[in-house]
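Could you put together the complete structure from these sequences and hints?
If you read the protein sequences in the order shown, they are chains A, B, C and D.
Sequential numbering from 20 applies to the first sequence in this note's numbering.
Sequential numbering from 20 applies to the second sequence in this note's numbering.
Sequential numbering from 20 applies to the third sequence in this note's numbering.
Sequential numbering from 20 applies to the fourth sequence in this note's numbering.
Some hints here could point you the wrong way.
When chains are identical, the list treats them as one kind, so a pair holds in a single copy or across two.
Stated by the list, open to error - With a cut-off of at most 25 Å between alpha-carbon atoms, the simulated DMTMM-like pairs for lysine to aspartate or glutamate come out as follows:
#	residue 1	residue 2
1	K76	D140
2	K85	D23
3	K167	D101
4	K145	E161
5	K145	E72
6	K85	E115
7	K145	D158
8	K167	E89
In short, the hints are calculated from the structure, not lab data.
Model, not experiment: these values are computed from the prediction.
4 protein chains.
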Amino acid sequence: MTIDLNSFRFSSPARIRFAETDCNGHMSHVTAVIYMEQARADFLNGLGLFSIEEMTKSGKTFVLAKQTIEYQNQAYYYDDIDTYLRVSRIGRSSLEMEYVLFNRTRNNITGLGGSTIVYFDVQTQKSTSLPSDMPQLIDQFETRFLSKA
Amino acid sequence: MTIDLNSFRFSSPARIRFAETDCNGHMSHVTAVIYMEQARADFLNGLGLFSIEEMTKSGKTFVLAKQTIEYQNQAYYYDDIDTYLRVSRIGRSSLEMEYVLFNRTRNNITGLGGSTIVYFDVQTQKSTSLPSDMPQLIDQFETRFLSKA
Amino acid sequence: MTIDLNSFRFSSPARIRFAETDCNGHMSHVTAVIYMEQARADFLNGLGLFSIEEMTKSGKTFVLAKQTIEYQNQAYYYDDIDTYLRVSRIGRSSLEMEYVLFNRTRNNITGLGGSTIVYFDVQTQKSTSLPSDMPQLIDQFETRFLSKA
Amino acid sequence: MTIDLNSFRFSSPARIRFAETDCNGHMSHVTAVIYMEQARADFLNGLGLFSIEEMTKSGKTFVLAKQTIEYQNQAYYYDDIDTYLRVSRIGRSSLEMEYVLFNRTRNNITGLGGSTIVYFDVQTQKSTSLPSDMPQLIDQFETRFLSKA
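Written out as structure tokens, the structure reads:
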């Protein structure tokens, strides 16, 4: 499979911490899941939907419903990993996202991921509708992000 | 989907730590991945393939190639989670596993998972053949486990 | 220094997970801090002060004010660590605790710790008085714990 | 106590991840320990003593011998924390360090820390002498760091 990173309009950087490795000598598989969460949080924050203030005001948060990850290359302490993210499907109350963890230090792909998240009403403990202008919100944020990058 | 836990012959218990929750107030999704790793490690240790001593002697370890997880119910600090695990496919150098995270405190399913792991030669940094008697190793361990449970 | 584990009346067990090691090949120092938290949570739960239900009802929680740890011996994946804990001082709204992380697998001390925790009112975001019968609560819990051990 | 951040010549930035919070709603105390490790790793890497390549070549690493931390203010998801670090004592094989975790988002101090680390020979599993020119190494790195900041 060829991954075209240029088809992604957003990424979030991380440098592998010592505590994020394990006794196999490389980055723990758990770390990849944390980097995907970081990218997702940065993205949703950029949309204005995932700050502490916004979540407190709206009474809404996001919860993870499903996640997949495929590990391709080992990564090591202090490698620079950029987690690319794009929204592949917008549902009524859910978002599907795709991820590429790209290792800038070794110029290879650490892993590929996918996730489904659900917009969630804290009071009712049920899923809730996403803002109706999600496509615009996403496009505006990604455009802003690209212009700064 | 009906999950028949009786079709599983192995499980590994954990109690959710405070540090394993997040500011959504529930168990972090990351924790589920760690519990799956713990169950896998307990299982592979039971087979005699994943102790420090064995890995040092054989020069072989297991690495995670692929993982999926589907979250079904929120879990909370101090809930007791049993992670059930079974091998669904034995390849030449890979194992496919299925997981159910069962919340004993709330009597519901926290999540369902799947993973593919690869037996890995540390020296050559390549996959390596599993022992040829894997089915017997697994059956003997699970029988031993069940008789103690 | 001689540590007399018999002077402790409470301990909490953990087995080192793969994800709790680092690329130095041993247990991450971070793990020790998590085990101390687990022992503390088990202890405070035993006192009836730190369950989700109790904290929701009382509007009170505990926060960590200070912690020290001294690492003595390396510990490894799958070692069994018992974290011993005792209360060394009861203040108006704070508790001082001492910890010994004892490695049962290697029969040595992984580390020694100390912490100060503060009883905290979530509404006012200020420290709050501990129950006046803390010495009795502690003695009763430890006696119950010892009788089961 | 007054902390003069200007007396520090090095810091390392982090933004609090969702997974680094806990169900008290704030940054987990464990996270502070990880940020101190990150600052320490960045610092030791800057000295040329803590990269994978250097550690493999020299057969030497650093292990944590002792750590203290005092928590001063709660920090929250997505706050920006700068961990300031300075060496307070250079021993034969050990370094003592002081830390300030400064919350840039809230303009207050999250915590103050201290640690002792030991230079460690992986082969002999014993402490080993630090380079004799540690004061110069440190001064050169900090000067370089300040000129870039």
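Going through the hints against the structure:
1. K76 - D140: Answer is both; intra-copy 12 Å and inter-copy 22 Å each pass.
2. K85 - D23: both (24 Å within a copy, 21 Å between copies)
3. K167 - D101: both (16 Å within a copy, 23 Å between copies)
4. K145 - E161: Neither. Shortest intra-copy (29 Å) and inter-copy (39 Å) distances fail the 25 Å Cα cut-off.
5. K145 - E72: Classified as both: same-chain Cα gap 20 Å, cross-chain 21 Å, threshold 25 Å.
6. K85 - E115: Both, since 9 Å and 19 Å are each at most 25 Å.
7. K145 - D158: Answer is neither; intra-copy 27 Å and inter-copy 42 Å both fail.
8. K167 - E89: Answer is neither: 30 Å inside a copy and 35 Å across each miss the 25 Å cutoff.
Checked against the numbered hints above, the structure violates hints 4, 7 and 8; every other hint is satisfied.
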